[in-house]
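Asks: Sequence:
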Amino acid sequence: MSLKIEVKDIAGKATGSIDLPAAIFDVQANVPLIHQVVVAQLAAARAGTHKTKNRGEVSGGGKKPFKQKGTGRARQGSTRSPNQRHGGVAHGPVPRKYDQRTPKKMIAAALKGVLSDRQRASRIHAVSGIVEATTTKAAINAVRQFSDRKNLLVVLSRTENAAWLALRNHDDLHLIVNDQLNAYDVLVSDDVIFSEGALRDFIAGPATGKGATAVARESEVGVSA
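Numbering (this note's numbering), first residue to last: 156 to 380.
Don't read these hints as lab results, they were simulated from the structure.
A portion of the hints provided could be inaccurate.
Unchecked claim - Here are the computed distance ranges between Cβ atoms for each label pair:
| no. | residue 1 | residue 2 | range |
| --- | --- | --- | --- |
| 1 | K259 | K208 | 31 to 41 Å |
| 2 | K305 | R201 | 19 to 29 Å |
| 3 | R323 | A199 | 19 to 29 Å |
| 4 | K222 | P248 | 14 to 24 Å |
| 5 | N296 | P248 | 15 to 25 Å |
| 6 | T170 | T290 | 37 to 47 Å |
| 7 | T257 | T290 | 37 to 47 Å |
| 8 | T290 | Q183 | 24 to 34 Å |
| 9 | V244 | R299 | 42 to 52 Å |
| 10 | N209 | D327 | 25 to 35 Å |
| 11 | N306 | S172 | 42 to 52 Å |
| 12 | G227 | Q255 | 44 to 54 Å |
| 13 | R201 | G167 | 17 to 27 Å |
| 14 | A359 | G167 | 24 to 34 Å |
Said to hold, decoys possible - List time: in silico DSS-like cross-link candidates among lysine-lysine, alpha-carbon distance up to 25 Å:
| no. | residue 1 | residue 2 |
| --- | --- | --- |
| 15 | K224 | K206 |
| 16 | K252 | K168 |
| 17 | K208 | K219 |
| 18 | K259 | K163 |
Using N, Cα and C, we set each Cβ at its ideal position, and we do this for glycine too.
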């Protein structure tokens, strides 16, 4: 069983259709699974570089603040003790990794679940010819023809460098290449707009379990000295 999605050009005219595999775009969404995968993705994005200095790392110290007896105060041995002003921090954060182990099958199942949810709500669209848009305004209008909702996820193929350059600076558009599509980006977007090439590549890659080879876009390639 497959679903059909209409493909429109930059002028809004239907130019054909694409069959969407039910195994990707019409599955039951597993909400706890999606939650676990998204939490793991956000955790992996954390830098984990937080750090406080303990009593052995702060400057100063080595001198007893005041004599042991006769002051009526609790005895102190260092000015850098955690209970002293400018002292070290006790049990503070240290650099660590937040990565969680997430099996590839779970990641794939979560993506299929959120894509199916968007498809059932008619929030997945396909457009052809973005690279033919001569101006940035025309490229944005080509994507915006499908929805007036705020946050749109635009999925492009790695060869559509001109479309990427035209759309990358628009505030309400989040761009991603088809082989990096993930559950979180789909969830936080109101609609998902595929370029025709990106949708065909996505179906041909993840649908068969054979990931496409990642090739850097022109804008990602550094200029050699």
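Asks: What hints, given by number in increasing order, does this structure fail?
Replies: 4, 5, 6, 8, 10, 11, 13, 15, 16 and 18
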